[in-house]
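Novice: Below are the chains, spelled out letter by letter.
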Amino acid sequence: MEEIKGAIALIGYGLAAIGPGIGIGIVVGNAIQAMARQPEAAGMARTTMFLGIAFTEALALIGFVLFFIA
Amino acid sequence: MDVLILASECDPATEIICAPENVIELFEFKEALFSIGPLDFTRTVVLTFFAMFIVLALFYFGFRRARVVPTKFGVAMESVVSFVRDDLAKGTIGPEGSRYTPYLLSIFMFILVANLFELTPGINFPLTSRMAIPLMLAIFTWLIFVIVGFTKNGLHYLFDIVWPKSVPLALRWLVGLIEFVSVFLLRPITLAVRLFANLVAGHLMLTLLLGSGWVFFAAVGDIGVRSVIGLPWFLFGLGIFVFEFVVAVLQAYIFTLLSAVYIQTSVHPEH
Numbered sequence: 056m057e058e059i060k061g062a063i064a065l066i067g068y069g070l071a072a073i074g075p076g077i078g079i080g081i082v083v084g085n086a087i088q089a090m091a092r093q094p095e096a097a098g099m100a101r102t103t104m105f106l107g108i109a110f111t112e113a114l115a116l117i118g119f120v121l122f123f124i125a
Numbered sequence: 199m200d201v202l203i204l205a206s207e208c209d210p211a212t213e214i215i216c217a218p219e220n221v222i223e224l225f226e227f228k229e230a231l232f233s234i235g236p237l238d239f240t241r242t243v244v245l246t247f248f249a250m251f252i253v254l255a256l257f258y259f260g261f262r263r264a265r266v267v268p269t270k271f272g273v274a275m276e277s278v279v280s281f282v283r284d285d286l287a288k289g290t291i292g293p294e295g296s297r298y299t300p301y302l303l304s305i306f307m308f309i310l311v312a313n314l315f316e317l318t319p320g321i322n323f324p325l326t327s328r329m330a331i332p333l334m335l336a337i338f339t340w341l342i343f344v345i346v347g348f349t350k351n352g353l354h355y356l357f358d359i360v361w362p363k364s365v366p367l368a369l370r371w372l373v374g375l376i377e378f379v380s381v382f383l384l385r386p387i388t389l390a391v392r393l394f395a396n397l398v399a400g401h402l403m404l405t406l407l408l409g410s411g412w413v414f415f416a417a418v419g420d421i422g423v424r425s426v427i428g429l430p431w432f433l434f435g436l437g438i439f440v441f442e443f444v445v446a447v448l449q450a451y452i453f454t455l456l457s458a459v460y461i462q463t464s465v466h467p468e469h
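One line per chain: the protein sequences are A and B, in this order. Heads up: the first sequence begins at 56 in the numbering used here, then just goes up one per residue. Heads up: the second sequence begins at 199 in the numbering used here, then just goes up one per residue.
Bear in mind the hints are in silico, worked out from the structure with no lab data behind them. Computed from a prediction, not measured in an experiment: that's the story for all the values here. Take these hints with a grain of salt, some might be off.
[Stated by the list, open to error] Chain B stretches covered by chain A per the calculated footprint, using a threshold of three residues with CB under 8 Å from any CB of chain A:
id	segment
1	380-393
2	396-408
3	447-458
[To be verified] Pair by pair, the computed Cβ-Cβ distance ranges are:
id	chain 1	residue 1	chain 2	residue 2	range
4	B	P366	A	I81	26 to 32 Å
5	A	Q93	B	F259	39 to 45 Å
6	B	M334	A	E58	33 to 39 Å
We put the beta carbon where it would ideally sit given N, CA and C, even for glycine.
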């Protein structure tokens with residue numbers, strides 16, 4: 056087998072992005088569903104959606120920062 | 199400006215490989231622009247003061263004279279203030295949230311201006327991509343919600359976190375430990391890292407796309423081939439500009455929203 060070159064931290068970042076990717080998809084999908092079912096509660100759903108995205112996204116961003124630190 | 203520095207350091211006569219030796223070079227400005235006594239003012243420090251003066255000037259000129267029919271600029275500033283007061287402070291914390299409006303409004307405006315420096319031609323450097331600034335703001339939020347928690351609820355604030363009554367006794371110590379770590383350690387760290395990492399990622403993406411577009415234009419070879427490669431990169435970079443504008447506003451909003459949520463958990467710990 057050829058020698059594999061490159062930073063292993065890059066693979067770490069890729070792994071760290073999987074979970075938050077799925078998570079943000081679930082958060083946004085359910086928020087859209089909530090907004091479609093109850094348009095009068097759209098403002099509240101949007102605020103909570105951003106909150107959920109922010110919490111979920113943090114994991115991917117920590118992976119991104121660790122890529123540069125490692 | 200970073201883009202131009204990056205491109206000018208490339209040697210177009212050789213190969214088109216010109217990454218900076220270390221990525222930190224894009225974020226660190228070591229040489230002092232001027233010094234007052236023992237204090238060196240680097241580009242970051244000067245920009246921090248600049249952002250502060252912009253925020254002060256916005257509020258001064260927005261509310262200089264109270265009028266019955268405000269100017270267009272005054273209406274814009276009023277809508278920002280009422281958004282932070284009604285949606286963020288009162289909407290999240292409750293009726294007593296107006297006490298925290300000055301703090302939330304200050305950090306919102308400062309982070310917004312500091313983030314938008316990323317897209318300002320001639321500056322092109324997001325202040326919040328230096329860890330010192332988001333970390334300092336996160337420590338302010340941490341201090342406020344811890345102090346408010348202890349003054350409003352006394353020592354019950356701490357006991358309710360480390361010894362939650364609603365959890366079964368067998369798991370109570372474990373949940374308490376996790377809650378303690380997450381409230382007192384992870385909250386400020388994630389608050390700072392979220393803002394920092396978003397702006398670092400945006401700055402790197404803009405630098406890479408616009409820089410590589412420039413490098414392809416400046417490289418040797420047939421002009422047709424070069425522009426076919428370089429132009430899409432450049433246009434893609436300009437598209438990312440719009441995306442980064444959304445990110446800059448959204449991150450300022452999220453930082454302020456999370457600060458308000460954390461303060462709310464201290465004001466009403468039972469919820």
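Novice: Run every hint past the structure and note whether it holds.
Specialist: Against the structure, the hints come out as follows:
no. : hint                       : result
1   : 380-393                    : holds (count 3)
2   : 396-408                    : holds (count 3)
3   : 447-458                    : holds (count 5)
4   : P366/B x I81/A: 26 to 32 Å : 28 Å, holds
5   : Q93/A x F259/B: 39 to 45 Å : 41 Å, holds
6   : M334/B x E58/A: 33 to 39 Å : 45 Å, violated
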